[in-house]
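S.K.: For the protein sequence lines, the chains are H and S, in the order given.
Counting with this note's numbering, you get residues 1 to 395 for the letters of the first sequence.
Counting with this note's numbering, you get residues 1001 to 1395 for the letters of the second sequence.
Everything labelled a hint here was simulated from the structure, so no lab data went into it.
One or more hints might be untrue.
[Unchecked claim] Calculated cross-link-like contacts (lysine-lysine; reagent style DSSO-like; alpha-carbon spacing at most 27 Å):
id, chain 1, residue 1, chain 2, residue 2
1, S, 1388, S, 1079
2, H, 251, S, 1340
3, S, 1073, H, 255
4, S, 1388, H, 187
5, H, 251, S, 1133
6, S, 1086, S, 1390
7, S, 1340, S, 1066
8, S, 1040, H, 187
Keep in mind it's a predicted model, so treat the numbers as computed, not measured.
Number of protein chains: 2
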Amino acid sequence: MNALNGIRVLDLTRVLAGPFSAQILSDLGAEVIKIEQPGKGDDARQMGPFQQGESMYYMANNRNKKGITLNLKSKEGKKIFLDLVKESDIVIENYRPGTMEKLELGYDVLKIVNPAIIYGSVSGFGHTGRYSKRPGYDIIAQAMSGIMSTTGWPQTGPTRTGTPLGDVLGGLWCAIGILAAIQAREKTGRGQKVDIALIDAAVATMANITMIYLTEGRLPQLIGNRYESTYPYDSFTCSDGQCVIGVANNKLWAKFCQVICRDELIDTERFRNVPDRVTNYAELKDIVEEWTSKHTREETVQLLLQAGVPAAPIYTIDQVVDDPHIAQDREMFFTQRHPKAGTITLTGSPLKLSDTPVTLDQPAPTLGQHTEEILHHLLGFNAEEIMKLKKQNVI
Amino acid sequence: MNALNGIRVLDLTRVLAGPFSAQILSDLGAEVIKIEQPGKGDDARQMGPFQQGESMYYMANNRNKKGITLNLKSKEGKKIFLDLVKESDIVIENYRPGTMEKLELGYDVLKIVNPAIIYGSVSGFGHTGRYSKRPGYDIIAQAMSGIMSTTGWPQTGPTRTGTPLGDVLGGLWCAIGILAAIQAREKTGRGQKVDIALIDAAVATMANITMIYLTEGRLPQLIGNRYESTYPYDSFTCSDGQCVIGVANNKLWAKFCQVICRDELIDTERFRNVPDRVTNYAELKDIVEEWTSKHTREETVQLLLQAGVPAAPIYTIDQVVDDPHIAQDREMFFTQRHPKAGTITLTGSPLKLSDTPVTLDQPAPTLGQHTEEILHHLLGFNAEEIMKLKKQNVI
């Protein structure tokens, strides 16, 4: 059994933030029906990388979903959608605010058809407020939330995080909002609207950085890989790569000095306490790298871990994929058979639930793969009616 | 009414990932009882910035919680904890794996006392696997997940994201896992263990980047602020600051060329289609900055937005806090009265739920603020017994 068995989701989302959010629900066992435009589908189907002509970008965010096509601009398509809403628990969309209303399928319409429906939306700036109608992309959320202004180096300026972080955070918060709404409905019997903005989602991750400004009026600066609050807590160059070391307190500092055979540093005044080490970080970085540069990254990390000092390699993506703890023990990579792409490797779920584990066995749907099944079983259409809808380009 | 009213959480977490996760539940209306070590409390109470001597770091991650002190190493403390477990729905902790077992308070013990208890854990590497016992900090998750290796510039190397992203992601996934477990329990009546690793949480955010390697065998590189898949989609320098522009497709490219009065570029072969613009991004960056450098950031963004081209300023934290859409319309900053710190400003919640909105009115507890209330009302201790527990350093 999965945690969300018995929950049905209509997934109107495209590209990343929305599909990622709905996929969290499908991994947890919800029946997610992805609704795509006939003939074209989710834009992500055109986005690389491709395997046997099938988009891996799409497959990475739409596993465990069923896929149907439906033209929401047609009268018949709208009617079918509203009939599906009657049979469902959740609708999730990531159109620009106003689009669903223009289709006459906004939350106000859906809740009349099904008062228990939970309506989850992800948009750049949210469904309320003065910037609501602005187009919102991942890079815009990273820029306006302050994340970029605190990521990077003085010599390079504000830096975008390499993963589409704004989209990912929006998707995670939307999943949280929807799950909370499911719980609320257990008591009230009513659905509700969950309105997630990429920009809000990103701002909320900056909380303890933002506190520095809100309390002291001091602007967090670009400081590369070190932390403001302790040192050595930074990246360091080894003979064959880079590692990070996390000496968070005096106890770890003493252990660290012993590992590098520099016991005399433990009580050196310039480095004695955390604030001293933070102040003299540049000198300390040279001392640490004098040691790390004589060892391989693997040796460095192992020597430190054996002494109880937190340390890790800075992995490139191939090293992440090959790491036995990540890939095998924690099952963060797994393979599926896809009818067109063949055997594919995907990233697993970090949700490790002991009683109702996630199930990751169904590949993403081909365009319209389950249209007939859903229309027949859920709404009772027969083969002739389905043929007619196809001819009319409704499905 | 809030979404999680009637749910009681015992929060044993410290510093960031765990407290942030439990705060999501408290914002949603769960009764979260934070359990801290007598006399000392959560380490975050010693972390700056401070207002009137009170840690804002702590207050930013522990609002809406009640706070009690309890010595889990004492026999009496363990007994009280187990009695609280009987009266609760959720336990959440972020100790290093094995610590709760050493206290004889692991999930195996708690589920005997209360089979419906949901046990949420956040740790660096998770409760299973070969690295399970390694110390895990935010920087270690950022390093080993590949996030650092794809963030930054060729000349600076792998770059840490400015916010403690590993902790934040771990906290978000833990909240999702716990909410899913609540839903599962509605059907099974049983609780379960939710085992979230910072490293898994971070790996899961890299999915579409990781696909590039898994499909093409090509390693994602450090490419600064541009994207691999389209251009101009990057940061650009204006006369008084930096902005980002998101020209994601040909339609936006035509609009963009019109705004900068360079219509002839639309059909220039070197820039005609997305792959052409990606290939010739360096030349294009100069062309874009020839225009942006003549305008202020505000002018640049407004001119582009008026033409329907996605654009945004790269905000510093003060600008985020002062933005009227973010701060006022979306209520992402708000004030509270704290008994010791006075009026404080905190970051709001991105969870905008129409029927059961979050409530953010209670400040974080002072150390042991609700010990007597909880012991009396929940477990029936009288004043004399509470006095005795204090003398014995149990509370």
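S.K.: If any of the earlier hints don't hold here, list their numbers in rising order.
M.R.: 2, 4, 8
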